[in-house]
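**Student:** With the sequences and hints as input, model every part of the structure.
As a plain string of letters, each chain reads:
Protein chains: 4
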Amino acid sequence: MPNDAPTPRITIWNEFWYERNVPEVARHYPEGIHALLAQRFRRDGFPVRTATLDEAQHGLTKEVLDKTDVLVWWAHKRHDDVSDEVVARVQSQVHSGMGLVMLHSGHFSKVFRALMGTTCTLNWRVDGQRERIWVIAPDHPIAAGLPPHFELQQEEAYGEFFDIPPPDQLVLMSWFKGGEVFRSGCCFTRGHGRIFYFRPGHETFPTFHDGNVQRVIVNAARWAAPTVTERKVPASVLVEPLEAI
Amino acid sequence: MPNDAPTPRITIWNEFWYERNVPEVARHYPEGIHALLAQRFRRDGFPVRTATLDEAQHGLTKEVLDKTDVLVWWAHKRHDDVSDEVVARVQSQVHSGMGLVMLHSGHFSKVFRALMGTTCTLNWRVDGQRERIWVIAPDHPIAAGLPPHFELQQEEAYGEFFDIPPPDQLVLMSWFKGGEVFRSGCCFTRGHGRIFYFRPGHETFPTFHDGNVQRVIVNAARWAAPTVTERKVPASVLVEPLEAI
Amino acid sequence: MPNDAPTPRITIWNEFWYERNVPEVARHYPEGIHALLAQRFRRDGFPVRTATLDEAQHGLTKEVLDKTDVLVWWAHKRHDDVSDEVVARVQSQVHSGMGLVMLHSGHFSKVFRALMGTTCTLNWRVDGQRERIWVIAPDHPIAAGLPPHFELQQEEAYGEFFDIPPPDQLVLMSWFKGGEVFRSGCCFTRGHGRIFYFRPGHETFPTFHDGNVQRVIVNAARWAAPTVTERKVPASVLVEPLEAI
Amino acid sequence: MPNDAPTPRITIWNEFWYERNVPEVARHYPEGIHALLAQRFRRDGFPVRTATLDEAQHGLTKEVLDKTDVLVWWAHKRHDDVSDEVVARVQSQVHSGMGLVMLHSGHFSKVFRALMGTTCTLNWRVDGQRERIWVIAPDHPIAAGLPPHFELQQEEAYGEFFDIPPPDQLVLMSWFKGGEVFRSGCCFTRGHGRIFYFRPGHETFPTFHDGNVQRVIVNAARWAAPTVTERKVPASVLVEPLEAI
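The listed protein sequences correspond, in order, to chains A, B, C and D.
Mapping of the first sequence onto this note's numbering: residues -2 to 242, in sequence order.
Mapping of the second sequence onto this note's numbering: residues -2 to 242, in sequence order.
Mapping of the third sequence onto this note's numbering: residues -2 to 242, in sequence order.
Mapping of the fourth sequence onto this note's numbering: residues -2 to 242, in sequence order.
Among the hints, a few may not be true.
[Unchecked claim] Below, a list of computed lysine-lysine pairs in the DSSO-like style, where the Cα atoms sit at most 30 Å apart:
#, chain 1, residue 1, chain 2, residue 2
1, D, K174, C, K64
2, B, K74, B, K107
3, B, K174, A, K229
4, C, K64, C, K229
5, D, K174, C, K229
6, A, K107, B, K107
7, D, K229, D, K174
8, B, K107, B, K229
9, D, K59, C, K107
10, B, K107, A, K229
11, C, K229, C, K59
12, B, K107, A, K74
13, A, K107, B, K74
14, B, K74, B, K59
15, C, K229, D, K59
16, A, K74, B, K174
17, C, K107, D, K174
18, D, K229, C, K64
19, C, K74, D, K174
20, D, K174, C, K59
21, B, K107, A, K59
22, A, K64, A, K107
23, B, K229, A, K107
24, D, K74, D, K59
25, C, K229, D, K229
26, B, K64, B, K74
27, A, K107, B, K59
28, C, K74, D, K107
29, A, K229, B, K74
Since the hints were made in silico from the structure, they are not lab data.
**Tutor:** Shown next, in the form of structure tokens:
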């Protein structure tokens, strides 16, 4: 029964390059975006670990992933430095039921593109103007507790066409002062796993300090958590007929 | 305008191994499954070419694909012999708008799995029992001219769980005498391209001689044909604001 | 947060005609289908009430519905005896966020047809042969705890084409020994409310005693429960611009 | 075969009140919105008729609808003056396969609400500011020939939450200068019929003179046209088993 389910175990993965190399980013996230998000999840009682690009196997060993119910992923600059072996491992874990919350520029990560099967390209502009995020599916669990819309005073702009498969559910849409719209909160299913893409989070702005942004990420993690305890990648099976033939 | 569109140019790709190596299969398809389907498309006035695994680049050079509006794909035994370069080329052409009609065991081709992002596994059994295909979306263009259901007296059985993303549209469902159901006609969008997966077509049975099966494949090719004349893979673009900010 | 949500308050509505008039049905459900389902929900700790057609306002007063998080509905013979006023009231409660689990012949109730906007017709045959229900979306919360498929040895057969809008999510599909398939577990959203249609449950068979059937109904009620505490029918609002224009 | 299909017969229905009573509206549409749209369809060779509210049976007799492949509907002020009989007739024709293109304030017509099953409410503001319409599904037939986005310099603003069921396909999204976003081009299926909702078209602005707006409406009519020649409302049928039982 969903309500008796144990609290999902979260792993937050971060490229963790900008925070160590760009003072403007370090000012917002002195210990890294992952550390801030980990703190937020812990506040709600989730067991959390973090992992970053420069760790061995990027911190995403089989042991870590086997104990991860939902993986939260932020990356931007170094997508190509993620090894294909780890990409395949993460994809396989999603197939077996691990949830995935993909943040912002993670749309262009190898992991996300492999799961979508598309280029995941989009239009963009770092102008630090206003983004307004509208709730399109107010009763989706990921929208629980959100107002009808909320604002981020400074963000990078993303614009359509966003090359993703039509999402199973569209929860959030963004309006940008510069004139764009964007599908900002998108649900997907791949194998046994649930995936949520969430648009905001450019590193030069304090986006992840925003209460509504945090709420979306926490809600998404709850939604994406597996409903089974034993995960298994789907497999082809030769079966006997069920009816006498 | 759709109605003025030129007739789509079809390329039919076939592994073409069974027909040359297994007498039982050669009996049904002496010149290959691709040849039979090509004949059917030509009857309706489509420009058609064929390509097979053992040709250079599997017959799928950039030149051929650039002149292909819809690629029809049959394969079963030698998925691993398709070069990754050709797989990437086909995937990219789909992203740019080329239609793809994937037949039967093609669910397990590298091309299909790359476009779906899942394992594409399923349950199966070659027992040559009856399959009944039901039309679930009678007004979808791919169902045009079909009866409410039609039968194939002998087929391989496929059973759920079929590990694909939830299709954009589900057009056909199969009933099998042995007790299974299966999502047999599934529409997907990837990039600018439309994809139709169609279940039947085990090589040891005369499935592709069936009039309803042929009709589905022809309808699917029309539906999957690009709506634009100049195809282009979606790309990330740095954009200026449309509104003064 | 979903996990802290109070257990949904269930109201089970039953036409309650067959059980009082047809001995064969009374044998399976001596106190009515609603009573059996109420018992099952209580076992899991849900607050439950029941209501039946012959009560004043069919037992579905505004007061009752205001305190109902999820309404479970069984009906077959007397759809036309449900007053339009109560139909409008139930529809409006769904718009405000009340969940609805519609069982079996309820597909043809005024309530369901008003919410779907279609005829909700289908093919049918009461032959008491085997139904096998397949899980198509194994990780949907409504499928939690179900095996890949389960059987009902005796049931009425329903067949496609089932005239409903394409469901938001398709969770279950039925196979019938007589040769049909059917979309047996379908999710819809209407206003703030979630609706689940679940096929089995012909009154002359002991279907609702089946553990898997009960599990689906309980899971569906959890899934359909509102995510907000204050329900409100969506309304048209004249709004001021958010940006200076 | 879709390509051999005869050109769909269009009926354009208009409330035709504003044009006769409000000079500002008459200036844009001296002969009525229906007359302008009829002219546009005729230019592309469609057989077109028009019908308006004040005609007997609102001009929508059974005879007219039986010869209508796609009904285009504009209304705003007098939804309640449409008789329930005609509403039921139109709904039934959609169920039998007639296409419906619902324009602008038609979201609040009895016909649309009956087909959606929801309140169809939304936020709104007549400020005559800029609307920018983005193409979200560039390869959908309804987007054929459109640029990535187009502008209407003066329009009424509509804002989410738009209380409709999640559309089968979302083709267009609007950005408004005042800060809103809106699902502006939505595809639905009801029975055998296809429905397209298209947002723009406030009567005090010259929206229907815009070439892109006209193109969307013509594309939508082609897309919504039935694929069969003999239309029939879906019906419940008692069926014999297909397999020996």
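**Student:** Under the criterion that the straight-line Cα-Cα distance not exceed 30 Å, is the pair C:K229, D:K59 satisfied?
**Tutor:** Answer violated: C:K229 to D:K59 is near 39 Å, above 30 Å.
**Student:** Is the straight-line distance between the alpha-carbon of D:K174 and that of C:K64 30 Å or less?
**Tutor:** Given that 30 Å is the threshold and the Cα spacing comes to 41 Å, the pair is violated.
**Student:** Quick one, are A:K107 and B:K59 close enough, alpha carbons at most 30 Å?
**Tutor:** holds, 25 Å
**Student:** With a cut-off of 30 Å on the C-alpha distance, tell me whether B:K107 and A:K59 pass.
**Tutor:** holds, 25 Å
**Student:** A:K74 and B:K174: Cα distance at most 30 Å?
**Tutor:** violated, 54 Å
**Student:** Check the hint pairing B:K107 with A:K74 against an upper bound of 30 Å on the C-alpha distance.
**Tutor:** holds, 29 Å
**Student:** Holds or violated: D:K59 with C:K107, Cα cutoff 30 Å?
**Tutor:** At roughly 25 Å apart (the allowed maximum being 30 Å), C:K107 and D:K59 satisfy the hint.
**Student:** Below or equal to 30 Å on CA atoms is what counts here, so check B:K74 against B:K59.
**Tutor:** Satisfied, since the Cα-Cα distance of roughly 25 Å is no more than 30 Å.
**Student:** Quickly compare the C-alpha distance for C:K107 and D:K174 to 30 Å and report which way the hint goes.
**Tutor:** violated, 42 Å
**Student:** For D:K229 and D:K174, compute the direct alpha-carbon distance and say whether it is at most 30 Å.
**Tutor:** violated, 45 Å
**Student:** Given the hinted pair A:K107 and B:K107, is their Cα-Cα distance within 30 Å?
**Tutor:** holds, 17 Å
**Student:** Straight-line Cα separation of B:K107 and A:K229 no greater than 30 Å?
**Tutor:** Distance of about 21 Å is within 30 Å: holds.
The structure fails hints 1, 7, 15, 16, 17, 18, 19, 20 and 25 (numbered hints given earlier, in ascending order).
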